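Undergrad: Read off the chains here:
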Amino acid sequence: MFAIISALMAGFILRRLLSSILVLLCAASITFLLSVSQKGGPFEKEKLSEKAKLEKLRQHELDGPKWWQLARYQARLLRGDLNVSLRYKDRTVAEILAQKLPNSILLGVTAFLIASVGGVATGFIAAMRKNTLVDVTAMFFALAAISVPTFITGPVLVAVLGLWLKLLPIGGFGTWQHLVMPSVCLALPFMAYVARLMRNSLLEVMTQHHMRTAKAKGLDDMTTLMRHGMKMAILPVVTYLGPMAAYVLTGSFVVETVFNISGIGGVFVNAIQNADCFLLTGAVLVYAALIVFFNFIVDVLYTFLDKRIQLHA
Amino acid sequence: MPDAADNRWKGAPPSGWSVLKRNRTAMTALVFLIIVAAAAVIIPFFLPDWMKQVSADSFLKPLERSADGARVHLLGSDVNGNDLFYRLLTGAQVSLGVGLIGALVSLVIGGIYGMISGYAGGRVDGAMMRFVDMLNAIPSLLIVMIFVSTFDTYFKDALDAVRLWGQVRGWRGIEGIASTLLPYSRIAILVLSLGLVQWLTMARIVRGQVLVIKEMAFVTASRAMGQCGWTILWKHLWPNLSTIVLTCLTLTIPAVIRDESFLSFLGLGIEDPAASWGSLLRDGAQVINPIDSKWWLLLFPATLMSLSLLALNFLGDGLRDAFDPKSDP
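Those protein sequence lines, which keep their order, are chains Z and A.
Quick note on the working numbering: the first sequence kicks off at 183 and runs consecutively.
Quick note on the working numbering: the second sequence kicks off at 782 and runs consecutively.
Derived by calculation from the structure, the hints in this document are not laboratory data.
There's no promise every hint is true.
[Stated by the list, open to error] Below, a list of computed lysine-lysine pairs in the DSS-like style, where the Cα atoms sit at most 25 Å apart:
no., chain 1, residue 1, chain 2, residue 2
1, A, Lys842, Z, Lys348
2, A, Lys833, Z, Lys348
3, A, Lys937, Z, Lys248
4, A, Lys833, A, Lys1075
5, Z, Lys221, Z, Lys235
6, Z, Lys233, Z, Lys248
7, Z, Lys413, Z, Lys312
8, Z, Lys221, A, Lys937
This one's a predicted model, so the numbers in the text were calculated from it and none came from an experiment.
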């Protein structure tokens, strides 16, 4: 059994890997072209003489027509070299990213877990207590959490929990107390969306015939739901997890700004403002790679939940 | 048998509008939105001029008198002595306007794309929908950020060129329009690009509905009458889509507002002196500190924006319950 699965998987992974590399290269090329098309170029703000600017551009292989700059950059990328940052002198893009990435990953993974587990649990309870006070309140707060963006909940959380009640530390990053507010703030809207998704799909599954059959053969409510219902009901949630990972990434921009966490989001925003094309492309590559990876995981999870779905690369 | 026919129920099933009217939450939301929009447009005309400019009253608390005792700021003032009440109203103008225009852009693109995809069907439909799926997997805000920062300067230069051209020709109208648009150039290109990335849901919903409607008898009848595809799409399918499109539009507006505020919050959106809710919130979030909290700069923008977004979402949910009861959340 395991051998068959692994043989199928190996082919799938190989094909997926090749297409992923192509996608990443495309994303990097488009970002790079857009970034170098900015008026004035990356050294506009430094007040250099015309000659010094040209010299600097040549040093970074940013002279000549756009396609020629792109070609040299692509060749560099294929060798696995992300080049140096234009703004932060003498530091390579890989160094900067490697320094900032762990914080972002920690924040993102925590938020992702809170959102998926909390959302599924809330949706499950709301569906169990359909049309009671619990359900109505939960769904009201879910809609509220979806509507109110993180850049409102973030500062409000800081002001209330951090400054007023003094329950949690406001600055810094390191211990688990520091992680609570940012990750909850980042997770809230996604948790709410997952809860709504879970509730509706569970309610729909409960009306189906195989659930009635399961009850008729003598299973109690909980076992029926856990063994036969959840497997079907969780499919829409699993589908949403892929895009959700992408949204958690963009959402972390604001959360990193609000809570002063030095992560990839800040790097990205700074790189855009400074027209730092190599750093920007590097950050985009990291994001794109994470998204491709998450979608891959979702596809694999799908086959385990529903045997009728087959893998296509 | 005339009696049996008389006994039959003659009433019509409740239309979507009457379902909506009975939904108290949605109606409250609608009234609230109308009040906010009307206040944002009308009230600034009646405010005195000193409220609309920078003054010496830095960080005044709500209802506190200024140093010379001449001015009172209803909701306090910010670092430059701008009146927060006035800034909130102009911010509402910008945010609501951005939401509406961005949603309309997404409606045009998504509507046309979805109708063509659904009506064509078959392989064309498959290819067009794969493309939508592909775009959906990309975090669109990243693209908007890069896009805006690249094309902002070009757009600004183009506007400036139009202004100068109007000046040379002596066309006051064009010159005036261009120079009023100039501080909003970044927001204009932001709206366009947000509309360009927000049309995916609209396209999918319109396409699904077209797939159902195009199999109905009246479409076959109009085809038998010899009407061409475009006429059928515009005259017969589009009117039948209107309520679903309205629902989707109502839910797109808060999404666009949120994205715009997100970018303004990060400092990549609107630029001073123009304000939107996002930039006001950024100002508010920057001045929270343990020693001397400027709570009003955070509280009022946050409340107004949350309530407006919540109202838009409740209204959208109400519309969906009324017109499309079977759909997902």
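Undergrad: The structure should be examined with respect to each hint, and the outcome stated for every one.
TA: For each hint, the structure was consulted:
1. A:Lys842 / Z:Lys348: Holds, at about 24 Å.
2. A:Lys833 / Z:Lys348: 38 Å, violated
3. A:Lys937 / Z:Lys248: Holds. A:Lys937 to Z:Lys248 sits at ~22 Å (cutoff 25 Å).
4. A:Lys833 / A:Lys1075: Holds, at roughly 21 Å.
5. Z:Lys221 / Z:Lys235: Measuring from Cα to Cα gives roughly 14 Å; hence the hint holds.
6. Z:Lys233 / Z:Lys248: 20 Å, holds
7. Z:Lys413 / Z:Lys312: Holds, because 20 Å separates the two Cα atoms, which is no more than 25 Å.
8. Z:Lys221 / A:Lys937: 11 Å, holds
Hint check: a violation occurs at hint 2 only; the rest are consistent with the structure.
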